[in-house]
Amino acid sequence: MTCDVARNRLLGLTDPAEVPSSLSAHLDGCPACQAWHQLFLRVEAGVVATGPAPYAGRAKRKLIEQFNSVVTAAAPARSSVKLKKPAPKSVATVQPATERRTLGEKLAQMWPAGLVAAALLAGVLVWSSLRKDKTDGSTLAAAPRDEFLERVVAAKVKLDTAATPTDRLEALDTLATDIRVEATGVALVSQKSDMESLARMYQQVVSELERADGLSDEEIRKAGRKYVQNLIAAEQEANRLIAEAPPDSVPPLKEIAAAASRGKTALSKKMLVQG
Amino acid sequence: MLDVVAAVSGGPGPPSCRTGPNRVATEPGHPAGDEADLIRAAQAGDRPAFAALIERYWDRLYRWLCRLTRDSTTAEDITQETFLKAFAAVGRFQAGSNFRAWLFRIAHNNFVNQRRAVRHNRQPLVPEIAEELRGPVGETLSREALRLIAEAVAKLPSDFRGALTLRVDEGLSFRDVAAVLGITEETARWRVFKARQKLMTLLAPELLPAGPNES
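Chains as they are written, first to last, in this note's numbering: chain A, 1 to 275; chain B, 276 to 490.
Since the hints were made in silico from the structure, they are not lab data. Computed from a predicted structure; not experimentally measured. Beta carbons are placed, not taken as given, at the ideal position from N, Cα and C, and that holds for glycine. Be careful, since some hints might not be right.
Covered by chain B, per the in silico footprint, the following chain A stretches (three or more residues, Cβ under 8 Å) [said to hold, decoys possible]: (1) 5 to 15; (2) 29 to 39; (3) 49 to 56.
Work out the full structure, taking the sequences as your base and the hints as a guide.
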């Protein structure tokens, strides 16, 4: 066996530290190949040693929190797995779907209620937080604030107390934007039912927005452009996400895009007619 | 000629994609059954279970992608994208097959797509080296030797580099390397062989002590 043959065989080994007897016979009698083999082992170790340093960014923690917090917020899950090393703010066990309502269901129930008093809405929030505490003995970490729910509640209070049609339209636009941002933000990880609820809410809000009830011609001309721009942005963002979202999120995203498109057209027509 | 057997003092590793001495913790403490449970739960829609899988695989995936992309930001982006796509597709993962290889396969597809998109914007070739290295390798390879190795690895074509690091760094079998890269097992063996050969061709003249060479 020549040195070239021996070295090529060493290079082809699954683990270069485990040398078969046919090769070790050559190595025993060849100091040059022995040295070469030792270097080869050190280079392999060096490849491992010179790898990137451990990850120190924030994206990992953020993503893990996103997966955990979605459930903490309200999402159902069908299985129950005891996590041995739960991440911070994680949920140790997951409730059966029958015992929990999704965020979307919660919001969908709020929306058709019409004029809901702020006190009642605050009650919903309290109920929501109490409900989280009444889980099946699982070690819920401190549940994060449900910022989206709070934004919707605030928008709804603003809507219900709007003094003028312009204020009401502004509140509708804010609410539509909040729902759309939430939907597009969670489209990649959210459950089907949540996305469907968000899409339904978005459609309802936009349908009210596009009517622009009570606004004068001048007011529509002044304010309409901004709302049309927001609807265009919503349509574009939803369409962009459709390409990469999981199959369950695609129909709700299409509904959001379609609602935004209808709203944009309807408002634009009003602006043209009245302009 | 460089001194291969030079002692290097220990110290903390550097941030991001700079080279570092640490390997990601692997299977110990996480029996296969535990992972199978997590995967089943994730397939049933249990997001904390998937979060646990992210916790388990993020670092090693990021590390491998750093090797491929040579850019920490790109590696982080692809790692994140990989987990989101994996979550979207976890229902189609076949129980009993290799989850790690499946995950790395998604990452490799993302890397290929990313590379296609930024083909004209190549990353710098020379990696940064840790200020100080720890562990047994740090004691047997000089800092200069490690720098040469890091540069040589960085100069490998990405196909070879990807295969080599999956085998050497991740410890995947040739079969799993093939599955990740979407190639045959023979091609996987050949890529690792060529990568090793290129490294030794580059490094032996620098790092091998003077003396009798070939018989």
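We went through each hint and held it up to the structure:
| no. | hint | in the structure |
| --- | --- | --- |
| 1 | 5 to 15 | holds (count 5) |
| 2 | 29 to 39 | holds (count 7) |
| 3 | 49 to 56 | holds (count 8) |
When the structure is compared with the earlier hints, no violation turns up for any of them.
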